[in-house]
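*Asks:* Listed in order, the protein sequences are those of chains A and B. Numbering-wise (numbering that gives the first Met the number 0), the first sequence opens with residue 0 and increments by one. Numbering-wise (numbering that gives the first Met the number 0), the second sequence opens with residue 0 and increments by one.
Hints listed in this document are in silico derivations from the structure and should not be mistaken for laboratory results. Any given hint could be a false lead.
Because identical chains cannot be distinguished in the list, a pair is counted as satisfied if it fits within a single copy or across any two copies.
List of simulated lysine-lysine pairs, DSS-like, C-alpha gap at most 25 Å [to be verified]:
(1) K65 <-> K247
(2) K49 <-> K228
(3) K65 <-> K11
(4) K65 <-> K228
(5) K210 <-> K151
(6) K65 <-> K49
(7) K151 <-> K11
(8) K251 <-> K109
(9) K11 <-> K113
(10) K27 <-> K151
(11) K222 <-> K109
(12) K222 <-> K2
What follows is each chain in one-letter form.
There are 2 protein chains.
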Amino acid sequence: MEKLTVVKVGGKIVEEEQSLRQLLADFKSISGNKILVHGGGRSATTIAAKLGIETQMVDGRRITDKAMLDVVTMVYAGLVNKNIVAGLQAMGCNAVGFCGADMDIIRSVKRPVKEIDYGFVGDVVDVNTDELQLLVEQGVTPVMAPLTHDGKGQLLNTNADTIASELAVGLARDFDVNLVYCFEKDGVLSDPDDDNSIIHELNMELYREYKADGSIAAGMIPKLDNSFKALSNGVKSVVITNANNLTKSSVKRTVISF
Amino acid sequence: MEKLTVVKVGGKIVEEEQSLRQLLADFKSISGNKILVHGGGRSATTIAAKLGIETQMVDGRRITDKAMLDVVTMVYAGLVNKNIVAGLQAMGCNAVGFCGADMDIIRSVKRPVKEIDYGFVGDVVDVNTDELQLLVEQGVTPVMAPLTHDGKGQLLNTNADTIASELAVGLARDFDVNLVYCFEKDGVLSDPDDDNSIIHELNMELYREYKADGSIAAGMIPKLDNSFKALSNGVKSVVITNANNLTKSSVKRTVISF
Chain A
0 MEKLTVVKVG GKIVEEEQSL RQLLADFKSI SGNKILVHGG GRSATTIAAK
50 LGIETQMVDG RRITDKAMLD VVTMVYAGLV NKNIVAGLQA MGCNAVGFCG
100 ADMDIIRSVK RPVKEIDYGF VGDVVDVNTD ELQLLVEQGV TPVMAPLTHD
150 GKGQLLNTNA DTIASELAVG LARDFDVNLV YCFEKDGVLS DPDDDNSIIH
200 ELNMELYREY KADGSIAAGM IPKLDNSFKA LSNGVKSVVI TNANNLTKSS
250 VKRTVISF
Chain B
0 MEKLTVVKVG GKIVEEEQSL RQLLADFKSI SGNKILVHGG GRSATTIAAK
50 LGIETQMVDG RRITDKAMLD VVTMVYAGLV NKNIVAGLQA MGCNAVGFCG
100 ADMDIIRSVK RPVKEIDYGF VGDVVDVNTD ELQLLVEQGV TPVMAPLTHD
150 GKGQLLNTNA DTIASELAVG LARDFDVNLV YCFEKDGVLS DPDDDNSIIH
200 ELNMELYREY KADGSIAAGM IPKLDNSFKA LSNGVKSVVI TNANNLTKSS
250 VKRTVISF
């Protein structure tokens, strides 16, 4: 099978022109088939504020009422996504921007209200990569915005880490998929206060130990759960690292394995 | 060759939920391959105003400075485009949203400054429908937002009528293309003040006469020039009508021919 690299980058790096340009150049230089999944992050907050819409976060997750859904749809699927596409095209990378509603790629359900009403936030229920696979085989590079739909006309704000792992799993039937999560640290840290405490290889057993003794930061747990889920569903490898390390051959990073 | 219908709808109809829903149902019921090209219109003006950005129009064309370009990118390629896609998906139509930067479909140049500086407005120079054709053949329905790119990373605001005719021409090599311009009247009027003065068939000779005696409204001239250009470049038929007439078999409309 051919290789496919799915790279997820967070909001911060796509917000500034300088860091975005560097990221796109690094991403472009990854050889072979690839997909970029981006967050949106603070630019949505900034634009919401200008529109007089207050941003509410609970545990780092955005509460998405109707007005905020319109903002993230504009910012993620419009401003951020299309500028990334145009930037990659300028580098000779034949990019195409999607959200989960496009070609019914990712279907989700509105998150049930328990203690917290997250509003128009989607939990993924179905991934359809048929047309995506066709396009990748034509040399096209998809760029995914973190929005999905419920199949009844409703767009839903969806966690970009989850979108990356769901796509990686969906495409693992047809490609040898390598999933790369980029974030602001060089890798998963055993001591959240020490940037040098990178765990270079993290397997399930170690992960359980680190979780039990509390040495892995709470914010990392959804990302790591996504990583192990991806591995157990056919994804070949998962790497967590800083976007700056994307193309360096010998780098600081965490390789996840069973 | 298979049939393909390219439908262009203006801003007004996609702005209100009721009229948009009706339009999507009508569009969905068109049999065979189809593409929807949408404008953005006044919702961009409304959102720009909320963001404190003033809208400047010259002869019905939007002056697009950097701030306004960001607004139209958000509104056209994000809010409007993805809500149309989700709406069509809900009706069982496998839609996908694009702008001209995606898969390098439409490349343009920033309009040269003459008497008026239109800002980040693009004049189309190249249309590439290879991947679009592939997707249409898979039963996918593209939905195009009126933005293009210059191939150097710059998005450009681009007239939706022009995008529709350029796509129609580009796809005429592979399909029998029918181009339908929807607007607020039932057809081209010989008397702009009389909604019943529909010209049912308009050929080049008649068009020249109507232009010479000033009976066709000035605002119609770019649309008609686009229509005749499309016909002379392989498009099978061009129809100008009200969006409400889209699926009616015997309707008020203007059929353009040589």
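*Asks:* Need the list of violated hint numbers for this structure, in ascending order.
*Replies:* 1, 2, 4, 5, 8 and 9
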